[in-house]
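Go by the hints and put chain B onto chain A.
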Amino acid sequence: MLKGRHLLDPTDFSPGELDEIFDFADQIIQSPAQFNHLCDSSILATLFYEPSTRTRFSFEAAMLRLGGNVVGFSEPSSSSVAKGESVADTIRTVACYADIIVMRHPKEGAPRIASAYSPVPVINAGDGGHLHPTQTLTDLLTIRSVKHRLTGLTVGCCGDLKFGRTVHSLLKATSRYPGNRFVLISPKELRVPDYVTADLTAKGIAYQEVERLDEVIGDLDILYMTRVQKERFFNEDDYVRLKDVYILNAEKMRLARKDMIVMHPLPRVGEIAYDIDDDPRAYYFKQAKFGMYARMALISKLLGKEPLALDERARGVS
Amino acid sequence: MLTITSIRNGIVIDHIRAGFGIRMFYQLGLDKADYSVALIMNAASTRLGRKDIIKIENNVDFDVTMLALIDPNVTINIIEDEHIVRKVKPELPERVEDIITCKNPRCITSVEKYVPHVFTLVNRELGQYRCQYCDEIYTVGQD
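The listed protein sequences correspond, in order, to chains A and B. Per the working numbering, residue 1 is the first one in the first sequence, and the count goes up by one each step. Per the working numbering, residue 1 is the first one in the second sequence, and the count goes up by one each step.
Since the hints were made in silico from the structure, they are not lab data.
In silico DSS-like pairs for lysine-lysine, Cα to Cα no more than 25 Å straight-line:
#, chain 1, residue 1, chain 2, residue 2
1, B, K32, B, K55
2, B, K113, A, K83
3, A, K188, B, K103
4, B, K55, B, K89
5, A, K230, B, K103
6, A, K286, A, K252
7, B, K103, B, K113
8, A, K147, A, K252
9, B, K87, B, K55
These numbers were taken from a predicted model, which means no experiment stands behind them.
So that you can see chain A by itself, here it is in the shape it has in the complex:
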């Protein structure tokens, strides 16, 4: 039962519960119009304490396509946060107006605090360099749709693995499925945090940390590219030195398997050459669309708006 639950961490839901969301997302993909009124009269609050384009648009589009409404702010300067209001107080107030809250925050763990003070579901839309569980729903739905499985995969993650919250979430979630192994491709300075590798080691999951993409790309079922994010660095010099280290181009793609897929949480800033976009293995824009469907399914489930209830409503069952 997902109604009323929070999503703060990609492992908050069991693989069975995730399947429930993905199955529902598949239904929406098949016939989106059928769900146009599923969340009529419900309100989603989007609290974005740091900039976002696609995640915020994706959530807002998802709610609007379900017939619901959206309130919120896209930068803290336009809210009472600028006056120094605490997360706890903001959430207690917003929860008076909204049925479900989506929060992005530059500080790690902020959505967990929000959830402690919220009577309505809180969804973590990215907290600092920590986690991004709805991107993970997007990623898993994409992989499931293309590969028809979430097991027995060799997943390569490339780029900024230290501050890349999408990677941390993806590793955490996919390491729960049997037979998956991971190749972590990054410069030494941007390796995944200790807590991530400690988790993999504790679970007995096979992984390797390497520095060159071209040496391992041929082994991969999935290549998950990430942007080296300027806002995660403490100084400009480090950013400039490392931002272009790992660029995927046609030459490297020639070394990859025919059925490997390239994913990216977007936006990209040069780490994937534009001539890759037409390669049938490039899935990053399709992935963005899957993200909206995954969020539609998630919002509906957390609000307890089941498709069954819709059918019953159509039949006049109260």
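Just chain B, lined up with the frame of chain A:
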């Protein structure tokens, strides 16, 4: 050679890693004690080379798990009539609140001051705790 007399009734915290005695001293609030307390630093030790020792001439009641968070290898000797009647090895607690502080500058606890610092034990052998909010690992005795 420094001589500190043995105590009659009280507690001796022994085998403290050199340099950690002072932290334990303050953590236990011994700076405010109105009974005899001795903090011995850098005493010779066959096991550790150098060690700190705290002698407390009083049967104070304190949370021994807290000592484990500073140095899990300490030995606590309970003294009665100048004899050791019991030895206690403190165990790391499963969950600690507001004892360890999260060092991650990106953690929400660095800005929302009303939030308690909560850590849960993830690896007893390695003495590793994880911040409830940001997952930062804290290893006992490493700072």
